[in-house]
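Under my numbering, the first residue of the sequence shown is numbered 1, with each subsequent residue one higher.
Treat the hints as calculated values from the structure; they're not laboratory data.
Just so you know, not all the hints are guaranteed correct.
[What the hints assert, rightly or not] Label-pair restraints from in silico Cβ distances:
#, residue 1, residue 2, range
1, ALA226, ALA86, 21 to 27 Å
2, ALA49, THR224, 34 to 40 Å
3, ASP85, THR224, 27 to 33 Å
4, ASP120, LEU245, 25 to 31 Å
5, LYS145, GLU115, 39 to 45 Å
6, ARG47, ASP221, 18 to 24 Å
7, PRO111, ARG57, 43 to 49 Å
From the three backbone atoms N, C-alpha and C, an ideal C-beta is built for every residue, glycine too.
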Amino acid sequence: MTTPETRPGTTLPPAPTALITGAGSGIGRAVALALAGAGWSVVLAGRRADALKETARLAGRSGDGPEGPAALCVPADVTRPDQVDALFAAARARFGRLDLLFNNAGTFGPPVPLEELAYDDWRTVVDTNLTGAFLCAQAAFRAMKGQDPRGGRIINNGSVSAHTPRPHSVAYTATKHAMTGLTKSLSLDGRPYDIACGQIDIGNAATEMTGRMRTGILQADGSTAAEPVMDAADVARTVLHMAQLPLGANVQFATVMATAMPYIGRG
């Protein structure tokens, strides 16, 4: 789905369009830069307008020209149905269609013992990681089902926590296990409409959210240890590969992790 080279006397098809939530930093920003570099138009969503504009600048799309690959920055809270509706309406108004949703917005929550986790903190994690992902997937589904040509792709950001929890991570772990169910249901319900859905489970990408891993984080045996991390660009390259597949092919689940992180085996 990359943009073809320009040849004399030819008209380029419109660039494919991707919407990335949590695009103002970390994995979301890395994926936005990878997609933009491959010729996609990108809709950058997140709570911080300044951070979204910085992502657009880094992608070389600050001008937001009327034709060709471009970036559209839309500040939005994915936990708010009205803001999600406005986000997808803005994407359709600007680019006419949606080819990819990268469902990435998320939060870890406070790393406290289960019995000390406040209800409001639980709700914040569930509303952001799960309800927000559902609302965005629902809006993308409606757009992809109704556009011509029909179809598109949804890639959900899971986590290795969708398989194995960390200590003091009950809300995050519960939502990431639920993300797997969301991915499977979207895959099934999308089949009649040429909507593919896959999930990327990420372990220890170097972002603001994983800063504790480099300085020392609680392990399952009660010790505290620093953990290896990987470049977020390695995640972005994997998402780009998944995104560029024809809709007749799908990476259902992929795990990308720092090779030496304590995940496989006994630590």
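(message) To test your reading of the hints: which numbers does this structure violate?
(response) Hints 1, 3, 4, 6 and 7 are the ones this structure does not satisfy, whereas the remaining hints hold.
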